[in-house]
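S.K.: Using the sequences and the accompanying hints, generate a full structural model.
As you go down the protein sequences, you meet chains A and B in turn. If you're matching positions, the first sequence starts at 0 in numbering that gives the first Met the number 0 and goes up one per residue. If you're matching positions, the second sequence starts at 0 in numbering that gives the first Met the number 0 and goes up one per residue.
Among the hints, erroneous ones may be present.
What the hints assert, rightly or not - Calculated pairs, DSBU-like style, for lysine-lysine (alpha carbon to alpha carbon, straight line, at most 30 Å): (1) B/K16 <-> A/K173; (2) A/K167 <-> A/K145; (3) B/K27 <-> A/K57; (4) A/K123 <-> A/K167; (5) B/K16 <-> B/K27; (6) A/K158 <-> B/K9.
What the hints assert, rightly or not - Reference listing, derived: stretches of chain B covered by chain A, where coverage requires no fewer than 3 residues with Cβ under 8 Å from a Cβ of chain A: (7) 23-33; (8) 95-102.
Said to hold, decoys possible - Simulated restraints, written as ranges between beta carbons of each label pair: (9) B/V56 <-> A/L62: 40 to 50 Å; (10) B/F55 <-> A/K91: 53 to 63 Å; (11) B/S47 <-> A/I143: 53 to 63 Å; (12) B/R30 <-> A/D140: 26 to 36 Å.
If you're looking for bench data, these hints aren't it; they were derived computationally from the structure. All residues carry an ideal CB built from backbone N, CA and C; glycine is no exception.
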Amino acid sequence: MGQINDISLVAQVLVFHNNRAFDTLVKKYQSPIRRFFLNQTVGDSDLSDDLAQETFIKAYTNLNSFKNLSNFSTWLYRIAYNVFYDYIRSKKETERIDSSEVDANYQTEQENVGAKMDIYESIKCLKEEERTCITLFYMEDLSIEKIAGVTGFPTGTVKSHLSRGKEKLSEYLKNNGYEKNR
Amino acid sequence: MKKTDDELIKDFFLSYKEDINDNGFSEKVMRRIPGRDYKWGKIITLLSWIVVIMLFVLLGGINVIIGTFCDILTSQGAQDLIMGNLPKLALGILIFTGTVVYHIISEER
Numbered sequence: 000m001g002q003i004n005d006i007s008l009v010a011q012v013l014v015f016h017n018n019r020a021f022d023t024l025v026k027k028y029q030s031p032i033r034r035f036f037l038n039q040t041v042g043d044s045d046l047s048d049d050l051a052q053e054t055f056i057k058a059y060t061n062l063n064s065f066k067n068l069s070n071f072s073t074w075l076y077r078i079a080y081n082v083f084y085d086y087i088r089s090k091k092e093t094e095r096i097d098s099s100e101v102d103a104n105y106q107t108e109q110e111n112v113g114a115k116m117d118i119y120e121s122i123k124c125l126k127e128e129e130r131t132c133i134t135l136f137y138m139e140d141l142s143i144e145k146i147a148g149v150t151g152f153p154t155g156t157v158k159s160h161l162s163r164g165k166e167k168l169s170e171y172l173k174n175n176g177y178e179k180n181r
Numbered sequence: 000m001k002k003t004d005d006e007l008i009k010d011f012f013l014s015y016k017e018d019i020n021d022n023g024f025s026e027k028v029m030r031r032i033p034g035r036d037y038k039w040g041k042i043i044t045l046l047s048w049i050v051v052i053m054l055f056v057l058l059g060g061i062n063v064i065i066g067t068f069c070d071i072l073t074s075q076g077a078q079d080l081i082m083g084n085l086p087k088l089a090l091g092i093l094i095f096t097g098t099v100v101y102h103i104i105s106e107e108r
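M.R.: Dropping the structure here:
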């Protein structure tokens with residue numbers, strides 16, 4: 000039902016240039032997309048909002064390339080993923096530093112919002128790809144096949160990122176007293 | 000019974016999963032939508048054209064143009080010029096028409 004509604008809203012934007020229909024889509028998906036970016040940037044809310052805005056604007060300008068082969072939400076996550084990795088690449092190019100240093104920079108930038116929250120502390124121990132797969136799987140409830148569709152990784156690669164990420168996360172959680180008896 | 004790693008992580012993420020309030024986010028996105036500027040641009044252009052055409056008609060622009068053309072066509076100098084350069088004029092019209100037709104065809108492709 001939700002998917003049919005999304006397709007109807009997309010059609011209204013494309014055929015009748017109905018911006019209110021797009022506004023409805025933005026309102027519907029702003030929360031998961033902003034949460035996705037918050038997780039990727041380990042809690043940088045300003046950066047997350049900028050990237051989320053860019054995602055929706057790209058979605059609007061490329062709406063006619065939405066072929067309905069996947070859910071609208073999966074398509075939107077794919078744009079968000081590309082926006083984030085374009086940002087990472089441009090940051091790496093300008094700063095000419097490696098991925099671990101980018102992570103370290105994020106961590107120092109986030110102190111006002113994210114560093115105190117356990118969720119962002121915990122996902123800092125993950126590599127970027129592992130973080131993407133783990134948060135999409137556990138936080139956004141996407142299946143392995145959908146994560147593969149979003150990231151462009153083969154399903155085997157998604158599974159191995161999930162497995163390595165799970166290992167690191169469970170170790171972190173156990174070391175920080177999250178393991179409780181049922 | 001202890002939780003499995005999967006359950007542990009699932010419960011952990013679930014406890015932190017919450018919806019983010021819009022707080023003007025969608026409004027900011029809608030303000031940046033490119034079509035919005037384009038739509039306003041089209042409206043402003045249309046209004047400007049209407050004002051220009053109205054001023055042109057009200058200030059007698061049409062009469063001035065008609066008068067000028069009549070003067071040119073009825074003057075002796077213009078008649079001599081047209082008659083003396085008829086082949087050149089025909090060639091010019093032919094080239095101009097050919098260029099216009101070529102542009103229309105290439106744009107349609």
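S.K.: Is the gap between the beta carbons of B/F55 and A/K91 within 53 to 63 Å?
M.R.: With a Cβ separation near 58 Å, B/F55 and A/K91 satisfy 53 to 63 Å, so the hint holds.
S.K.: Is the Cα-Cα distance between B/K16 and A/K173 30 Å or less?
M.R.: 20 Å, holds
S.K.: Check whether the Cα positions of A/K123 and A/K167 lie no farther apart than 30 Å.
M.R.: 10 Å, holds
S.K.: Taking the Cβ atom of B/R30 and the Cβ atom of A/D140, is their distance within the range 26 to 36 Å?
M.R.: Since the Cβ atoms of B/R30 and A/D140 sit about 31 Å apart, the hinted range of 26 to 36 Å holds.
S.K.: That 40 to 50 Å hint for B/V56 and A/L62 (C-beta), does it hold up?
M.R.: 42 Å, holds
S.K.: CA of B/K16 to CA of B/K27, is that 30 Å or under?
M.R.: 24 Å, holds
S.K.: With a cut-off of 8 Å between beta carbons, are at least three residues of the segment 23-33 of chain B near chain A?
M.R.: Three-residue rule met by the segment 23-33 of chain B, so holds; n is 8.
S.K.: Check whether the Cα positions of B/K27 and A/K57 lie no farther apart than 30 Å.
M.R.: Roughly 14 Å separates the two Cα atoms, so the pair holds.
S.K.: Could you check the hint for me, namely that B/S47 and A/I143 are 53 to 63 Å apart, CB to CB?
M.R.: 56 Å, holds
S.K.: Given the hint that A/K158 pairs with B/K9, test it: the Cα-Cα distance must not exceed 30 Å.
M.R.: 16 Å, holds
S.K.: So is the segment 95-102 of chain B in contact with chain A by the C-beta rule, three or more residues under 8 Å, or is the coverage claim wrong?
M.R.: violated (count 0)
S.K.: Is the straight-line distance between the alpha-carbon of A/K167 and that of A/K145 30 Å or less?
M.R.: Holds: A/K167 and A/K145 sit about 23 Å apart, inside 30 Å.
Figure legend: structure checked against the earlier numbered hints; the only hint not met is number 8.
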